[in-house]
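Student: Heads up: the sequence lines are chains A and B, in that order. By our numbering, the letter at position 28 of the first sequence is numbered 28, and the numbering carries on one by one without gaps. By our numbering, the letter at position 94 of the second sequence is numbered 94, and the numbering carries on one by one without gaps.
None of these hints come from the bench; they were simulated from the model. Treat the hints with care, as some may be off.
Reference excerpt, derived from the structure (chain A facing chain B, CB under 8 Å, subset only) [unchecked claim]:
hint : residue
1    : Y10
2    : D51
3    : V52
4    : M54
5    : E79
6    : S87
7    : P106
Have a look at the derived ranges for each label pair, beta carbon to beta carbon [unchecked claim]:
hint : chain 1 : residue 1 : chain 2 : residue 2 : range
8    : B       : S39       : A       : E62       : 26 to 36 Å
9    : A       : P61       : B       : G95       : 17 to 27 Å
10   : B       : A82       : A       : G40       : 41 to 51 Å
11   : B       : S51       : A       : I60       : 36 to 46 Å
If you only want the chain A side, here are some residues facing chain B, beta carbon under 7 Å, derived [unchecked claim]:
hint : residue
12   : L45
13   : I60
14   : G63
15   : Y64
16   : L90
17   : N104
Glycine included, C-beta positions come from ideal geometry on N, C-alpha and C.
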Amino acid sequence: DVKVTQSSRYLVKRTGEKVFLECVQDMDHENMFWYRQDPGLGLRLIYFSYDVKMKEKGDIPEGYSVSREKKERFSLILESASTNQTSMYLCATEQRGVLSGNSNQPQHFGDGTRLSIL
Amino acid sequence: SQQGEEDPQALSIQEGENATMNCSYKTSINNLQWYRQNSGRGLVHLILIRSNEREKHSGRLRVTLDTSKKSSSLLITASRAADTASYFCATAPSGRRALTFGSGTRLQVQP
């Protein structure tokens, strides 16, 4: 089974702080994703990475950056945390499919980090 | 932008009844996936149906896909209290590397 581990289940930070959320996977998947989940809005894609040192913006990248120095680790960085970034953050991995330009494999999720910015 | 929209937003049924959730989307897709999320946990993949498939089964789950109507349904038969969760559809739009998730259906199965 794929194991996706997010470093913290709950995190409380202050506005203006630089916040790091870590995600580690053990199944050698090429693709990794960061989402945020808010009530009534479902999951929204922040950033994703399809290879080491490669990244692409998702639908809501503003205020965030990412780092993928090793295949198994994908970090989400809040450059200067703000209260509107209070949310549940979910990391997911996906094995690259035959058609590399499309998402065509199941995604595997971590249990999420509930982040509160005060 | 949200591609898939689930209907209803919430559903409450008795144990043993069937639960049906619907998903509509806007653009052409390569596949559509259904996920389940228990409270406070991550999402778990349930089933993937490709654009050239019309129906797929997995245990008590039955998924249909109608690409002409851009819609899908998830049927859970003989529901159990343990099926209580939120269910999300996710579409893989053509030419996009990432999935797009809907806002989910909250299913409550009363024992």
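Student: Should the hint that G63(A) touches chain B count as held when the rule is a Cβ pair under 7 Å?
Tutor: At about 18 Å, which exceeds the 7 Å cut-off, the nearest Cβ of chain B leaves the hint on G63(A) violated.
Student: Regarding the hint that E79(A) lies at the interface with chain B, is the smallest CB-CB distance below 8 Å?
Tutor: Status violated, d = 22 Å.
Student: Just to be careful: measuring from the Cβ of P106(A) to every Cβ in chain B, is the smallest value less than 8 Å?
Tutor: Check passed: Cβ of P106(A) comes within 4 Å of chain B, closer than 8 Å.
Student: With chain B as the partner, please determine if I60(A) meets the hint condition of a C-beta pair closer than 7 Å.
Tutor: violated (10 Å)
Student: Hold the hint about L45(A) up to the distance rule: shortest CB distance to chain B must be less than 7 Å.
Tutor: Since chain B brings a Cβ to about 5 Å from L45(A), closer than 7 Å, the hint holds.
Student: A range of 17 to 27 Å was offered for this pair. Does it hold for the Cβ distance of P61(A) and G95(B)?
Tutor: holds (19 Å)
Student: Identify whether the interface hint at V52(A) stands, where standing means a beta carbon of chain B within less than 8 Å of its own.
Tutor: Given a least distance of 16 Å, the restraint on V52(A) is violated.
Student: Given S87(A) as an interface hint, is its Cβ closer than 8 Å to any Cβ of chain B?
Tutor: Violated. Min distance 14 Å.
Student: Holds or violated: is there a CB of chain B closer than 7 Å to the CB of N104(A)?
Tutor: At about 6 Å, which falls below the 7 Å cut-off, the nearest Cβ of chain B leaves the hint on N104(A) intact, so it holds.
Student: Does the nearest C-beta of chain B fall within a distance shorter than 7 Å of the C-beta of L90(A)?
Tutor: Check passed: Cβ of L90(A) comes within 6 Å of chain B, closer than 7 Å.
Student: Can we keep the D51(A) interface hint, with Cβ of chain B closer than 8 Å?
Tutor: At about 11 Å, which exceeds the 8 Å cut-off, the nearest Cβ of chain B leaves the hint on D51(A) violated.
Student: Would the stated hint for Y64(A) survive a check requiring a Cβ distance to chain B of less than 7 Å?
Tutor: Where the cut-off is 7 Å and the nearest Cβ of chain B is about 15 Å from Y64(A), the hint is violated.
Violation of the numbered hints given earlier is confined to hints 1, 2, 3, 4, 5, 6, 10, 11, 13, 14, 15; the remaining hints are satisfied by the structure.
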